[in-house]
Amino acid sequence: MKKILSVKDLSVNFETYKAEVQAVRKVSFDLHEEETLAIVGESGSGKSVTAQSIMRLIPMPPGKFVSGSIEFNGEDLIEKSEKQMESIRGKEIGMIFQDPMTSLNPTMTIGKQIAEGLIKHQNMSKKEAHLRGVELLKLVGIPNPEKRIKQYPHEFSGGMRQRAMIAIALACNPKILIADEPTTALDVTIQAQILDLMKGLQKETGTAIILITHDLGVVANAAHRVAVMYGGKIVETGSVDEIFYNPRHPYTWGLLGSMPKLDNHDEELKAIPGSPPDLSDPPQGCPFAARCPYAMKACSTQMPEYFELSETQKTACWLLDERAPKVEPPEFVNVGGLKVNG
Amino acid sequence: MAKPKEKILEIKELKRHFKVDRKNVLKAVDGLTFDIYKGETFGLVGESGCGKSTAGRTIMGLYQATDGEVAFKGASVHAKKSKKQLKELTRSMQMIFQDPYASLNPRMTVKDIIAEGIDIHGLAKTKKEREDRVIELLETVGLNAEHANRYPHEFSGGQRQRIGIARALAVDPDFIVADEPISALDVSIQAQVVNLLKKLQKERGLTYLFIAHDLSMVKHISDRVGVMYLGNMVEISTSEELYEEPLHPYTQALLSAIPMADPQVERTRERIILEGDVPSPINPPSGCPFRTRCPMAMEICSKAVPQFIEHKKDHWVACHLYGDKK
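Listed in order, the protein sequences are those of chains S and U.
Each residue of the first sequence is one higher than the last, beginning at 1 in the numbering used here.
Each residue of the second sequence is one higher than the last, beginning at 1001 in the numbering used here.
Treat the hints as calculated values from the structure; they're not laboratory data.
Since we're looking at a predicted model, the values are computed, not measured.
Ideal Cβ positions, reconstructed from N, Cα and C, are used throughout, including at glycine.
Please note that a few of the clues may not be correct.
As the list claims (entries may be wrong) - A short list of chain U residues far from chain S (calculated; beta carbon distances all over 12 Å):
#  : residue
1  : 1019
2  : 1071
3  : 1091
4  : 1108
5  : 1117
6  : 1120
7  : 1121
8  : 1129
9  : 1152
10 : 1198
11 : 1271
12 : 1296
13 : 1309
To be verified - Straight-line alpha carbon distances no greater than 30 Å define the calculated DSSO-like cross-link-like pairs of lysine-lysine that follow:
#  : chain 1 : residue 1 : chain 2 : residue 2
14 : U       : 1111      : S       : 261
15 : U       : 1023      : S       : 147
16 : S       : 270       : U       : 1038
17 : S       : 261       : U       : 1005
18 : U       : 1312      : S       : 261
19 : S       : 64        : S       : 3
20 : S       : 270       : U       : 1303
21 : S       : 18        : U       : 1312
22 : S       : 80        : S       : 8
23 : U       : 1313      : S       : 270
All chains should be modelled from the sequences, with the hints used to inform the complete structure.
Here you go:
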């Protein structure tokens, strides 16, 4: 599949009163057509900043790009002026935000908010935009769209609002859809509806999706490839099967272990001790070293390089160096993916 | 642990309604009946707006009940009490809140936050004793003495939740209502807090009412689980059985909607995807509250409210599919 977005060595800092926070540190990844790439990590790991950098939504100052490039259609998005970005946002790259209540405009009808992009980017008339809006609402599964299009966001429920936001993001058939925790604010039954909708729409339109989440269940459900972020860095990346059945980074092990499983009871959860590093003074070596049960001397002084384990899987961990002791993933990690329990 | 069957809490037909305006009443909790046994963890799950938090708060006596009764160790929670009786009740029931940022007073030191209950109930005679007790509590929850003189803003979310737990433990309660204690925390921190709660329960023989919307976590921590929908309890069972053999169509849909961290399972799994949204509790549907979204709805469902019956031993369900069909 064709590569459509390529992020290389991206570093983003934020100037604060206290110190400069290095939120994203040398992050590189590619995105291909028709695929869903999930970026997982805890709060503060830099996943949302990465996504917002692609859309150039980081306020500058206090934010600033320190290094790297974001290549889209053969052009570097970092070099673009604000004016040029306006013709990309919404048209080429769409975005869905976590909280549908605060990211929709409460003073505009849903119809008007959908039409905004259509009128600007596709030179539609108001009437055409309205008709297309009804179509879009129908597409995302909102019943009685002719009536709904005239309503305001407060008249919609949480799940409906998220559907409306997806309709807005997809209005101009963008090549990339960035979904920043699209289901976190929703209940499980509604979450299942929205994930289903996104997968269905991707099949129809071929949009590439960057899915940002902290929920590994959502990742397993919706993603093709996964990048695990920690302390502003991607520590491991691979296909969804590789990450779940052959993870090699101790942080990925920790994440998988701290999720309760439905088929075994009474076992203590494998909590990761400690808390994430302070990125205003990031550790010199591996960001996870302080919490890692396998940490060696080299880990705290030198950032591990990426070890390529397969064509798709890359892991930044010194345990994979030939000089390191051989460590197998703990038992609770489901290596090989064979599941006894149906 | 032997089977603890002593009832610590008996809830009968508990109702809590809120007046919205002159004409409308929001029935947040509309007739709950269940018991909680000593030493167990009772999980209460449901989607947002189903009334689970209101239920927890009403059981605690933070809200007056509109109707029905809550008996804690045989004595009514909502009946009029003398100051002394009330103090005794509040000492033995404590609460852990969802938002570790909003539930700690930012202008008090951690020491004073934790010791507030100790002071009110006069549990420490000297200043030294109070101090020792606070330090002991901090250590129990995995913090240390140095933290006592700091303020809440100096702590991370997980640490604040530990402070909240220490505060609840300070008065040596028997029963703790934990209202979504982990949903504001990151996954790796959630596991730490859940493990801590389990450890404390083992050591102190605590009874928990654990309110959450995360079904996999509830399964992990609870002995028995109750599922709520629109102010009503639809199913109660032991957590093992509920997850293996859910009876109510809502429980089945809820369980099938949890995404599992296993891509192969996710690819092959059949989901029951519910249509539409939860109806408004101001104007709930007639008959069974779930019938508007239920894939199995029958004619009778719109006419009669299903009775809450014991379909199997210790497995209660309110659904017309079970019991005497007409």
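Need the list of violated hint numbers for this structure, in ascending order. 10, 11, 14, 20, 21, 23
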